[in-house]
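Enquirer: Mapping to my numbering: the sequence shown position 7 is 7, numbers consecutive.
Be a bit skeptical, because a hint or two may be false.
Taking CB as the label site, the calculated pair distances span [claimed, not checked]:
(1) Asn83 / Lys3: 28 to 38 Å
(2) Arg87 / Asn2: 35 to 45 Å
(3) Glu61 / Glu12: 19 to 29 Å
(4) Glu12 / Asp49: 22 to 32 Å
(5) Ser23 / Leu43: 15 to 25 Å
(6) Phe66 / Thr18: 17 to 27 Å
Hints are computed from structural coordinates only; laboratory data are not their basis.
Every residue, glycine too, gets a C-beta built ideally from N, C-alpha and C.
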Amino acid sequence: MNKEKLNLWHQEEQCGITGWDFSHLDGRWQNELLPWNYRKLVLSYLKSDMQLLDMGTGGGELLKTFHHASNRTQVTEAWQPNNNLLRTCLISFEHHNQIS
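I would like the entire structure built from these sequences, with the hints used as guidance.
Expert: Structure below.
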């Protein structure tokens, strides 16, 4: 591996990734648009009396957009950095849902 690529790799390691926020990659990658929208699909089925399970939830960024009651929401996250972030996010998520 050449030195320039190695330096870029080390810089990338320093950025770190939290949750599902990949904004530091903006303008450096592309993907095809999907013919469906996960958030819209979930919202089309999700009712207020249902239980919601979000597996591999990252930092809860998408989960929070569902505005589902915290007492009817369960999450899983195995990657420790996201797990720590999720604990912080969910505290504010639960507080927000109790107020509204």
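Enquirer: Determine for every hint whether it applies to the structure shown.
Expert: Going down the list of hints, with the structure as the test:
1. Asn83 / Lys3: 28 to 38 Å: Check passed, 35 Å falls within 28 to 38 Å.
2. Arg87 / Asn2: 35 to 45 Å: Cβ of Arg87 to Cβ of Asn2: about 40 Å, so the range 35 to 45 Å holds.
3. Glu61 / Glu12: 19 to 29 Å: Since the Cβ atoms of Glu61 and Glu12 sit about 21 Å apart, the hinted range of 19 to 29 Å holds.
4. Glu12 / Asp49: 22 to 32 Å: For Asp49 against Glu12, whose Cβ atoms are near 44 Å apart, the range 22 to 32 Å is violated.
5. Ser23 / Leu43: 15 to 25 Å: The hinted range 15 to 25 Å holds for Ser23 and Leu43, with Cβ atoms some 23 Å apart.
6. Phe66 / Thr18: 17 to 27 Å: holds (20 Å)
Checked against the numbered hints above, the structure breaks only hint 4 and satisfies the rest.
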